[in-house]
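Q: We have chain A already, so just place chain B with the ligand on it with the hints.
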Amino acid sequence: MPVVLILGATSDIGVAIAKKFAAEKYGVILASRNPEQLSPLKSDLAIRFGIDCYSCQFDAMDFGSHQNFYQSLPVKPDIAICIFGYMKDNEFVSAHPDELVRTIGTNFTGAASILNIIARDFSKRKSGTIVGISSVAGLRGRQSNYIYGSAKAGFIAYLSGLRNRLFRDQVHVLTVLPGFVNTSMTEDLQLPPLLTAQPVEVAVALYKGVSKKKNTIYVKWFWKWIMLIIKMIPEPIFKKLRL
Amino acid sequence: MKKSVSNWGNYPVIESDERFFTLKEKLNSLLKEDKQLIARGNGRCYGDAGLADQIISTVKFDKVLAFDTTNGIFECQSGLTLDKILDVIVPKGWFLPVTPGTKFISVGGAVASDIHGKNHHVDGSFSNHVMEIELILASGETIICTPELHHDLFTATCGGMGLTGIITRVKFGLKKIETAYIKQKQVKARNLDHVLELFEEYKHYTYSVAWIDCLKKGSHFGRSILILGEHASKDDLTEKQKTAPLVLPIKKQVSIPFFFPSFVLNKWSVQLFNFLYYNKNFKNEINNVVPYEPFFYPLDAILNWNRGYGRKGFVQYQFVLPLSQKDGLTAILQKISSKGLGSFLAVLKVFGKQESLISFPDEGYTLALDFPVRKGLFDFLDELDQMVLQFGGRIYLSKDARMKPEIFWKSYPHAVEFADIVRKYDPGSRFSSVQSKRLLQTK
Ligand SMILES: Cc1cc2nc3c(=O)[nH]c(=O)nc-3n(C[C@H](O)[C@H](O)[C@H](O)COP(=O)(O)OP(=O)(O)OC[C@H]3O[C@@H](n4cnc5c(N)ncnc54)[C@H](O)[C@@H]3O)c2cc1C
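Protein sequence lines correspond, in order, to chains A and B.
Take 1 as the starting number for the first sequence in the working numbering and just add one per residue.
Take 1 as the starting number for the second sequence in the working numbering and just add one per residue.
Please note that the accuracy of each hint is not assured.
Capping the alpha-carbon separation at 27 Å, the derived lysine-lysine pairs in BS3-like fashion look like this [unchecked claim]:
| # | chain 1 | residue 1 | chain 2 | residue 2 |
| --- | --- | --- | --- | --- |
| 1 | A | Lys88 | B | Lys103 |
| 2 | A | Lys20 | B | Lys60 |
| 3 | B | Lys3 | B | Lys103 |
| 4 | A | Lys42 | B | Lys171 |
| 5 | B | Lys175 | A | Lys42 |
| 6 | B | Lys103 | A | Lys42 |
| 7 | A | Lys208 | B | Lys84 |
Hints in this document: simulated from the structure, not taken from any laboratory.
Chain A on its own, in the form it takes in the complex:
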């Protein structure tokens, strides 16, 4: 049974991805900050899909623990998916220094720190897949979301470098750029329904991306074009826009 490691498994997207891989008969390791919260999902996957399922504690911000975390996993994964993220209102974050540190620490430093450890192992084993869920917000900094966006931009650059570095070791690196997704994180926002994906759509697209060894995927195809246009707006104009 191939095994997938899900970092950030209590999020709505994490749950959907765990279900998708369990349905495809993968063993699943669920990791999140509060492992007690994982126990319903763990029993659900094991009973429903007849697979092996483990849960363990993982804190993206506790960088020092990452080496130990990976060392003590019950089995080593074939696929590692990094889903966790942290997003609060930009104004709020910019007014609270610890929130700024947490936003960048979770979305960038934490992600790079754990994936670095996993990448070194995969590279030694000459196999494996690493998936990072970044964000279209990382493609261009906007006044409404630039702190989160810049951390996600860093993550995109990290993943593309990793892909380049691991290519010769037959390790596949996939960058996922979901647009708006209907989750608890976005429940209070008024999202345009046509542009908004469901967590299960992210899971299906991600699974396909892994199987087909894609480099970067957008969950909904039009995001690629929307972001292309946004990236092309010249800076002198862009800085005057309210985006």
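A: Chain B with the ligand alone, transformed into the frame defined by chain A:
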């Protein structure tokens, strides 16, 4: 963020703020906001139970927690729907102890409505098989109740339409099966008396229900088809089915049953169809073995059939009358069919004995019909309510959207006791729906 919400009958439609949760911690924080609210499962009740300004939806709280495949005991979070449970239990040789006519309902909804199935006369209602319920009270406290532990809370929660608290976890017993098939018998009945005789004659059958043609007058009034079923044993199956008795063939197209409402274009086309069905295509008795899905859930094959009634929606009128009130049944059915407001088909079932506080089933006849919402309907239903009351019957809260409070208080013999228990556990009427405001006259 408010949006329009309605249940299966598409009546009434209200503006509501619906909240979701996957973790208990999130639920607890939602409950800290000091607002009146009600739990909602999959919105398959017909009317205004489960509707409020603030709705707590359980649809994302849907994990399987334990499944004892030796003793047939299942435990899950309240938002899990029956179709998902069947996918897990049937291949292992177990079935739901009680199931309604749709598998798209949540376990929390099954308890809160204390649902009944075609086997009520043999197996009782859903709650008769519930071993443990975990719920969150108005105080925020989590309580586990069982038929013994916190007995009052347990009985008030079963059939209590969400008014005692939010059900978070349910543990219940399953029924052993040898195959995923049903041995079905369909028997044609000349009229209402005949179908009632047939119910009596075949009462040893586990599953029974009758479809009544409401268009037929005179000596054929109440002409119907009684549908009976037993879980098939391996010996009942064909050689091919025997190779995987617990696995249904890949879902093929299920034929649309003749009563499908959105095809009920007008009275005449249906009359013709019924005529053909009863006379040409229907022998006096048909015996066959069928997969469990079309037997239990004939309408589920067509998603959103409820929209066939149009934007104004519809109400389903389901009442029960004591066994001694056969004439009452005739009188009510006659009044409905003479008015021509109701559906062309009614579903008839005989309930067995049941002790309950607020649950709907009671030993006797139960009839259910759809009424598209239109002018004059509610006045007419008020008249029917009076008849139901007069014959000692009551109306199913899960289907109701318009009953007057005095009917409720008079027809549910333990309503006062129920209200007392609700007040004990929820003194401030924290849990409150459009229906409970209408019927219980809470704030
Ligand atoms: C086609 C069809 C056929 C049906 N056939 C039958 C039948 O044969 N027999 C029968 O008995 N019923 C039948 N029903 C009715 C249905 O079984 C019930 O209305 C059931 O309660 C719906 O469950 P739900 O999850 O959709 O709950 P909802 O409709 O969302 O809610 C129903 C009630 O349960 C409460 N509730 C839901 N979840 C919780 C929770 N977690 N905690 C506390 N309260 C909660 C709500 O407040 C509300 O009062 C049928 C419905 C349809 C649409």
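Q: All hints, please: hold or fail.
A: Evaluated hints:
1. A:Lys88 to B:Lys103: violated (39 Å)
2. A:Lys20 to B:Lys60: holds (16 Å)
3. B:Lys3 to B:Lys103: Holds - the C-alpha atoms of B:Lys103 and B:Lys3 are around 26 Å apart, at most 27 Å.
4. A:Lys42 to B:Lys171: Given pair A:Lys42, B:Lys171 holds - Cα atoms ~18 Å apart, limit 27 Å.
5. B:Lys175 to A:Lys42: holds (25 Å)
6. B:Lys103 to A:Lys42: holds (24 Å)
7. A:Lys208 to B:Lys84: holds (24 Å)
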